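Chain by chain, the residues run as shown.
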Amino acid sequence: MLPWLIEIILFTVLIVAALVALGLRNLLAAVVTLSIFSFMSASIMVKLGAIDVAFTEAVVGAGAVGVINILAILLTSRKSAD
Amino acid sequence: MNEVTRDIVLRRHMEGPIVSPIVHVCIRGLVPFIQIVGLYVYFHGHYSPGGGFQGGVLMAASIILLRMSLGLADSQAVMPNRLPIPLAAVGALIYAGTGLFAMVAGGSYLDYGFLPIPGLEPAMLRNLGILMIELGVTLCVMSTIISIYDNLLGS
Amino acid sequence: MKAIRILALAAFSAVMMVAVVHLPPKGDPHSPANRVENVLKGPVAGAYYIQNSYPDAKTPNMVTVILADYRGFDTLGETVVVFAGGVACLYLLRRRTA
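Those sequence lines, one after another, are chains Z, W and F.
Under my numbering, the first residue of the first sequence carries the number 1, and numbering increases by one thereafter.
Under my numbering, the first residue of the second sequence carries the number 1001, and numbering increases by one thereafter.
Under my numbering, the first residue of the third sequence carries the number 2001, and numbering increases by one thereafter.
Extracted from the complex, chain Z is given alone in its bound form:
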């Protein structure tokens, strides 16, 4: 198989997740999509061999930042203005 196939798939999902997160009106869905973005970038780090960076990215990007973003949304507004 193509040696770059996994990376191409991961990068495609990454870019699609970023674009979808930009376009969504519902901010909770946008936060979930950003978690997908973080997880995909962590997977790319694993593919590149940087396991420590991938671990940090997965734990912080998909865990802590998601929780804090959801809290901020619950405390302000659920819908995007534009």
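Treat the hints as calculated values from the structure; they're not laboratory data.
Model, not experiment: these values are computed from the prediction.
Fair warning: there could be bad hints in the mix.
Sample of chain W residues lacking proximity to chain F, with all beta carbon distances greater than 10 angstroms (derived) [what the hints assert, rightly or not]:
#1 S1020
#2 I1022
#3 H1024
#4 L1030
#5 L1039
#6 Y1040
#7 S1069
#8 G1071
#9 A1073
#10 F1101
Straight-line C-alpha distance at most 20 angstroms; calculated EDC-like pairs for lysine to aspartate or glutamate [stated by the list, open to error]:
#11 K47/Z x D2028/F
#12 K2058/F x E1121/W
#13 K2026/F x E2037/F
#14 K2058/F x D1111/W
#15 K2026/F x E7/Z
#16 K47/Z x E7/Z
Here chain W is said to cover these stretches of chain Z; the calculated rule only asks that three of the stretch's residues, wherever they fall, bring their Cβ under 8 angstroms from a Cβ of chain W [what the hints assert, rightly or not]:
#17 49-57
#18 62-75
All residues carry an ideal CB built from backbone N, CA and C; glycine is no exception.
Assemble the complex: chain Z is given as a structure, and chains W and F must be docked to it using the hints.
Only chains W and F this time, still in chain Z's reference frame:
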């Protein structure tokens, strides 16, 4: 909508737990495992990916899970409300103090090979020094994230 | 204005694509980052850490050794930054009534 959501979240956080047996059973099963994984990530950072930062975030995630499900009042026993910021200061002080200890003992700042523990070669002393400062990083990161959560929901 | 933006984005993407294609393969021993000594016959940081991290600290994970020992002052600054962020959130978000 906005005010109602905020009131629901705040009341749930301040007063009562979520009265759902499914949530309770899941949280009770999940939290100890997350904490064990966090401690493993911290202690095993010498040999596998991980370290203080990741272990601290995992420990904070377990306690935030408790705060979300049980409410603020019932999760006081695990992590009291006023503890996080002093604990974060203690973590940063452990880090800086380890470096200062090495400097007092004759090396340069943060040079763990000079830590005054008898009977160990400098390489093992560096191993111990790394463990000490990772403890400081773990405490600081865990307490900071819990403190941000508490303050966001109005402690 | 939108056309200019899209053109600039496309140009940036093309530059990044060309850069990615010309990167050395992963683990190439002849790439500049992986050489043992540079053109001035001095040591290169990566090879030095790979060769000396285990004898120096008896720790197999060399990322931990670099983060906590060789570059310990950086990690101290990072910890202090996290702590300062927590204290800033405390003063910004604290409710005084409770």
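Results of checking the hints against the structure:
Every C-beta of chain F lies more than 10 angstroms from that of S1020/W, the closest at about 26 angstroms, which supports listing it as non-interface. No Cβ of chain F comes within 10 angstroms of the Cβ of I1022/W; the nearest lies about 31 angstroms off, and the non-interface call holds. The claim that H1024/W is not at the interface with chain F holds, since no C-beta of that chain comes within 10 angstroms of its own (minimum 26 angstroms). Non-interface call for L1030/W relative to chain F: holds, since the shortest CB-CB distance, roughly 25 angstroms, exceeds 10 angstroms.
With a closest Cβ-Cβ approach of about 16 angstroms to chain F, L1039/W is found to remain outside the 10 angstroms limit, as its non-interface label requires. At roughly 14 angstroms, the least C-beta separation between Y1040/W and chain F is larger than 10 angstroms, which holds for a residue marked as non-interface. Here S1069/W stays apart from chain F, with its beta-carbon at least about 21 angstroms from theirs, past the 10 angstroms limit. With a least beta-carbon separation of about 15 angstroms from chain F, G1071/W lies farther than 10 angstroms from that chain, consistent with its non-interface assignment.
Here A1073/W stays apart from chain F, with its beta-carbon at least about 12 angstroms from theirs, past the 10 angstroms limit. In this structure F1101/W is separated from chain F by more than 10 angstroms, as the shortest Cβ-Cβ distance comes to about 13 angstroms. In summary, the hint linking K47/Z to D2028/F is supported, as the alpha carbons are separated by about 16 angstroms, within the 20 angstroms threshold. Of the pairs offered as hints, the one joining K2058/F and E1121/W holds, with about 10 angstroms between alpha carbons and a cut-off of 20 angstroms not exceeded.
Proximity of K2026/F to E2037/F is assessed by CA-CA distance (about 19 angstroms); at most 20 angstroms being required, the pair is judged to hold. Restraint check for K2058/F and D1111/W: the C-alpha separation of about 15 angstroms stays at or below 20 angstroms, so the hint holds. Taking the CA atoms of K2026/F and E7/Z, the gap is near 14 angstroms; set against the 20 angstroms cutoff, the hint holds. About 7 angstroms separates the Cα atoms of K47/Z and E7/Z, which keeps this hinted pair within 20 angstroms; it holds.
With 5 residues having a beta carbon nearer than 8 angstroms to a beta carbon of chain W, the stretch 49-57 of chain Z meets the requirement of three or more and the stated coverage holds. Coverage of a stretch by a chain is defined here by at least three residues with a beta carbon nearer than 8 angstroms to that chain's beta carbons; for the stretch 62-75 of chain Z and chain W the count is 8, and the condition holds.
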